[in-house]
Amino acid sequence: MNLHELTIVEAAKGLRDGSFSATNLVQACLDRIAARNETVNAFISVFAEEALAAAAKADEDLAAGNAKPLTGIPFGVKDAICTVGQRSTGAAKMLDAYVPSHDATVVAKLKDAGAILIGKQNCDAFGHGASNENSMYGPVKNPHDLGKVSGGSSGGSAAALADNQCLFSIAEDTGGSIRQPAAFCGVVGLRPSYGRNSRYGIMPMGSSLDTVGPMTKTVEDLALVQEIMAGHDANDMTTVPDAVQPLTSAMNKKVEGLTVGIPKEYMELEGLDDEVKQAITAQVEALQQQGCIIKEISLPHTTYAIATYYILVPSEDSSNLGRLDGIRYGSRKEGDSLFDVYAQTRRDGFPEEVKRRIMIGTYCLSAGYYDAYYKKAQRVRTKIMQDFTEAFSDVDVIIAPTSPFPAFGIGEKADDPIAMYLADAFVCPAAVAGMPAVSIPAGKTEAGLPIGLQIIAPRLAEEKLIQVASAIHS
Amino acid sequence: MPVSAEDVAHIAKLARLSLNEQEIEMYATQLSGIFSYMSLLDEVDTDGVEQTCQVTGLEDITREDLAVPISDEQRAALIAAFPERVGDLLKVQAVFT
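From first to last, the protein sequence lines are chains A and B.
FYI, the numbering used here numbers position 134 of the first sequence as 134, with every residue one higher than the one before it.
FYI, the numbering used here numbers position 39 of the second sequence as 39, with every residue one higher than the one before it.
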């Protein structure tokens with residue numbers, strides 16, 4: 001038995017029946033990282049010593065019968081999420097030596113539930129990208145084909161999991177950064193409803209869209225981790241007070257009688273890969289066999305989601321990244337004036353794409369353009385939300401591909417920002433509307449690349465995602 | 001709408017980014033393409049449509065104005081993160097010269 005290949009549920013059982021120890025399990029993941037990190041490049045930092053110390057403590061708890069749901073389970077965290085006492089770079093040289101004074105709330109909750117942090121995962125710097133090529137620590141390779149991208153921005157989190165270097169990962173999804181790499185790497189990834197999980201301690205990008213969620217090997221693992229992560233947090237005033245529904249009990253609940261909407265704008269998109277389309281269609285037919293009612297629906301403003309997103313998010317982003325100026329923390333460059341200190345620090349600390357987003361956002365918010373771009377985009381956002389609200393008056397969930405195509409080649413879209421932005425065409429709309437969505441594996445192409453299927457639910461209805469996802473992927 | 005090199009230089013100044021001539025040209029070309037793509041939104045009739053600023057519906061979330069003490073370790077970690085310091089004080093370039 002290769003311990004690093006286990007799911008959370010399998011490992012939790014093995015730890016409890018004494019088949020192996022937490023130390024064995026953590027060591028197996030550390031060995032796997034040591035053997036593979038040079039190739040896959042999924043981790044920026046690995047905390048072997050601390051993780052083994054936590055594992056020894058977990059073994060004591062297990063022996064004493066004090067185990068919690070995730071005791072002894074090793075996990076990785078996207079490097080744009082703060083971890084106390086442990087370097088958190090955001091994949092930018094600006095924060096190369098930054099050590100946070102606090103844990104993100106979701107990380108603290110997972111540690112409280114017994115999970116063991118083994119390292120910080122590579123990503124597009126501050127979440128800016130769809131391929132993980134915008135990391136200042138090098139691109140992440142797709143474990144299914146090392147010539148292909150892992151997807152982004154949470155590419156390291158998806159690749160680490162697909163390559164069995166950890167048992168689950170925690171990442172962020174602003175416009176698709178959990179779902180798209182999960183699809184490219186063949187793992188399960190959840191974007192929770194906006195406001196469901198606390199973002200305290202997450203490096204912010206587009207504050208009105210940012211979410212933090214789990215990536216796992218199975219739907220059951222996902223339900224388990226998300227249940228622990230969810231909930232109101234006084235430190236994040238955008239978290240909703242609504243009760244968190246039990247997710248594990250939604251597993252394998254019958255889907256008979258549920259109505260599933262298939263948006264024609266997604267399935268008829270020019271550029272949708274044939275193999276992707278066939279794989280999704282086959283899964284939808286299987287749901288029909290299980291008693292689901294399948295209905296074609298229309299989300300007429302789909303085509304405007306990317307343009308809306310790339311006005312709103314860079315605008316919010318350019319404000320958020322204003323805090324990274326080399327004054328209170330992070331690297332600082334010398335300069336003759338305060339202006340030069342700022343401008344040089346930001347020149348050297350940010351990769352090209354981060355600067356591009358800051359430029360787009362600053363332009364959109366600058367005098368004379370605010371109404372034409374930012375306000376206009378916020379109005380189109382309303383129309384995109386109305387599309388979903390209307391659709392959900394007729395259907396329980398929406399199913400679509402996660403990405404129009406499987407993982408593309410490293411370097412293939414690197415010089416064409418718009419082509420790269422369009423890679424998020426199917427993940428952006430739900431994000432703009434604040435809906436929860438999950439990506440689950442739905443087979444592979446002939447060339448062996450994973451295909452992701454996306455399920456979108458109404459706001460705060462994560463349990464429906466789990467119910468339908470567990471009917472497709474066990 | 002084309003974005004000129006002058007526009008890029010102006011935005012870079014607002015955003016406190018140092019760019020060289022070559023980068024200014026590159027961003028002018030790329031931003032022109034990006035904003036020409038954004039003009040797609042002109043197709044959408046948004047007359048009388050409200051702006052969506054947030055999706056939760058939560059309003060006026062406040063907390064009591066209390067000073068919450070932090071631990072000595074947290075304080076030490078915050079100070080350790082200063083790029084430059086004198087004792088426990090953050091050192092910065094003079095604002096007025």
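FYI, nobody ran anything at the bench for these hints, they're computed from the structure.
Where hints are given, some of them may not hold.
[As the list claims (entries may be wrong)] Pulled from the structure, derived: some chain B residues nowhere near chain A, Cβ distances all over 12 Å:
{"#": "1", "residue": "G48"}
{"#": "2", "residue": "A67"}
{"#": "3", "residue": "V86"}
[To be verified] Some chain B residues judged to face chain A by a derived CB distance under 7 Å, without partners named:
{"#": "4", "residue": "A15"}
{"#": "5", "residue": "T56"}
{"#": "6", "residue": "V92"}
Ideal placement from N, C-alpha and C gives every residue a C-beta, glycine not left out.
Checklist entry - So which hints don't hold here, by number, going up? => result 1
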